[in-house]
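Chemist: The chain contents come next:
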Amino acid sequence: MDCLKRKTALAGAVLAVALAALPATAQQGPKRYGPGASDTELKIGQTMSYSGAAASYGTFGRVMTAYFKMINEQGGINGRKISLMSVDDGFSPPKTVEMTRQLVESDNVLFICCSMGTGPNASVQKYLNDRKVPQMFVLSGATRFTDAKTAPWSMSFSPTYMDEGREAARYIIRTNPNAKIALLYQNDDSGKDTAIGFKEGLGPDRVKQIVSEQTYEATDATIDSQIRQAKAAGADAFFDNTAAKFTAQSIRIAHDIGWKALHVTTTNSSSIAQVLEPAGFDKSQGLVAGKYIKEPTDSQWDNDPRMKQWRDWMTRYYPEGQKTDWWNVYGYMVAETLAHVIRAAGNDLTRENIMKLALSLDVESPYLLPGLKIQTSPTVRSAVNKLRYYRFEGKQWVLLKE
Amino acid sequence: MDLFVSQVLSGVASGAIYGCVGLAMVMIFTSTEKINFAQGEMATFSTYVAWTLMTVGLPYWAAFAATVAISFAAGVLIQRTLLAPLRDAPEMSQVIVFFGLFLVFNSASGAIWGYLPFDFPSPVKAFSTGTTLIGAHQLFIILVAVLMLTLLFLFFRYTSLGLCMRAAAQNPVSASLMGVRVGWMLALGWGLSAAVGAVAGIMVAPVVFLEPQMMVGVLLYAFAAALVGGIDSPPGAFVGGIIVGVLENLVGTYLVGTDLKLTVALVLIIAVLIFKPTGLFGSRRVARV
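Top to bottom, those sequences are chains L and F. Remember, this note's numbering sits 84 above the position in the first sequence when you count from 1. Remember, this note's numbering sits 14 above the position in the second sequence when you count from 1.
Read the hints as simulated data drawn from the structure, not as lab findings. Everything numeric in this text was worked out from a predicted model, so none of it was measured. Any given hint could be a false lead.
Below, computed lysine to any residue pairings styled on SDA-like, alpha-carbon distance capped at 20 Å [stated by the list, open to error]: (1) L:264 <-> F:17; (2) L:367 <-> F:145; (3) L:367 <-> F:150.
Okay, chain L solo, but in the shape it has when bound (with noise of 0.2 Å):
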């Protein structure tokens, strides 16, 4: 090597390493503290359904819990510990009263992040938003957390139930102009959200080829009689907006009527071991799901590299985790987003920064499905808001063209 390369060289690396070090000084800048955050730690608090009807989705806390045990042995983010404070309220919307209380007043959070469900969060929305502390990445997908002028404090991470009633609506239309359409959803706001973005997607023109609108109650045995009444109503597509385990009975029921329609569900019931499974991949063909995170039982991700490496941190860090249930992956997925969150805000960790830069995310994520982004404003609440359509074929999720 002769010397003017070995200068070169030399230089570049110097240059190297001031680029490197440039944008960390100037993200960590003056230190500004709000409640929780000190030089070394990061306290955050979170509600969870570890126990109660909601149970299920308790894994969710334990795989952030355990990323950001990985992320404190690393050496925690811009040299502070991480301390996620996650407590159970078992799916209680009084329980999550008095949990975010305590977690708010005399364990000093930061900010509440990733709290569990649509009842819960609602039950501390004002709260939390009279006191200005950041309600970021809501689990639920009510338009109740992603509205600017009522709740400036709350937001939410997932596409919320109108989002996904619009995408739907489009797909339909998109598909078959004259379709003419049978709509199924819970009883309650999550369903009633759903059905009027539904609606907004078809427009004011198209509404009127809505032949059949129905509803179900979350305690109901069976939807057997809607899907019967929706067959007889003549539809030859179906919105089927229900919860996991009614989506396995209606693709269920409407294989054995016979009703063979375009049916069209959501996020939340797209689950291979949830829904189809249990249904049946015989009586699941044709099946088409909006989705937006890539799903671990999908085979299609079996040698996605990002998915391979989800899967070793889960054996190493949350080895009891169910590796084929996508809330594990969502979890991973919210926990990382977090985190970049915190990074950027550098030394500047008080509740309006961090909301700031919340609202202001665009990044890629590699567990959403190509195409999508992590993208939010001031106005557009909801990290995640498009979705791709897939259709069932065999064993597995085909992703359809735009």
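Fit chain F to the known structure of chain L by using the hints.
Modeler: Below, chain F alone, put in the same frame as chain L:
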């Protein structure tokens, strides 16, 4: 017309499910005069036991029989260990135990078997009824329920053990003076109820899928079914279930739409109870003052 027939038959099929669980409630009520709120969760747990036995290789009917036996023993055990000591405690204490059992069984099912729904096998899956109006398994449920009812009727009517159990429930003081071991009769009542619940669970699971919350919704309807039919009448519970099932379908399809079908069905049930408080098949209770 096709819609009407299919809605009626679909109502009969889901009604049979409510009726089966209602039957289990009636079994405990007739022997203890209490409603066991944990009935559904115990049945779910039993169904998981059957599922486990089948996954380790037992054929359907062997697993079925073993589950019924295990559930019977577990029911007796629960009564002897948890409820017998509370015999003289206020009613509210016993109700709290029922709720406790509800939580214990619900969480235990989830903790042991997870929350993913399973496709539960049915022995008649391969058969076809030749029509889309009603499925083979739905017919099978009705058949099994009728068979179960007949057996229970024969047991209570024609065996001396059945007679002792009825005596212990209806007049515990006289029964014990006659030498009937009332405590054990109550335990047998619990065992029978758990066994009936197990059968109900095994029948319901192929329709609603096996998962820890499987019975939570069903229990509500089962309770309504038992009340309509008469809370102390086994055939009443079953017929009541079918009435509730058909009613909710017809009301939902033709009268008020699906939003209010549950409400209307329950209003009709209340009406029945106002005009006939003992239910359609229940017996009037006479107490000496």
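Chemist: For every hint, state whether the structure bears it out.
Modeler: Cross-check of the supplied hints:
{"no.": "1", "hint": "L:264 <-> F:17", "in the structure": "18 Å, holds"}
{"no.": "2", "hint": "L:367 <-> F:145", "in the structure": "17 Å, holds"}
{"no.": "3", "hint": "L:367 <-> F:150", "in the structure": "16 Å, holds"}
In summary, the structure agrees with every hint in the numbered list given earlier.
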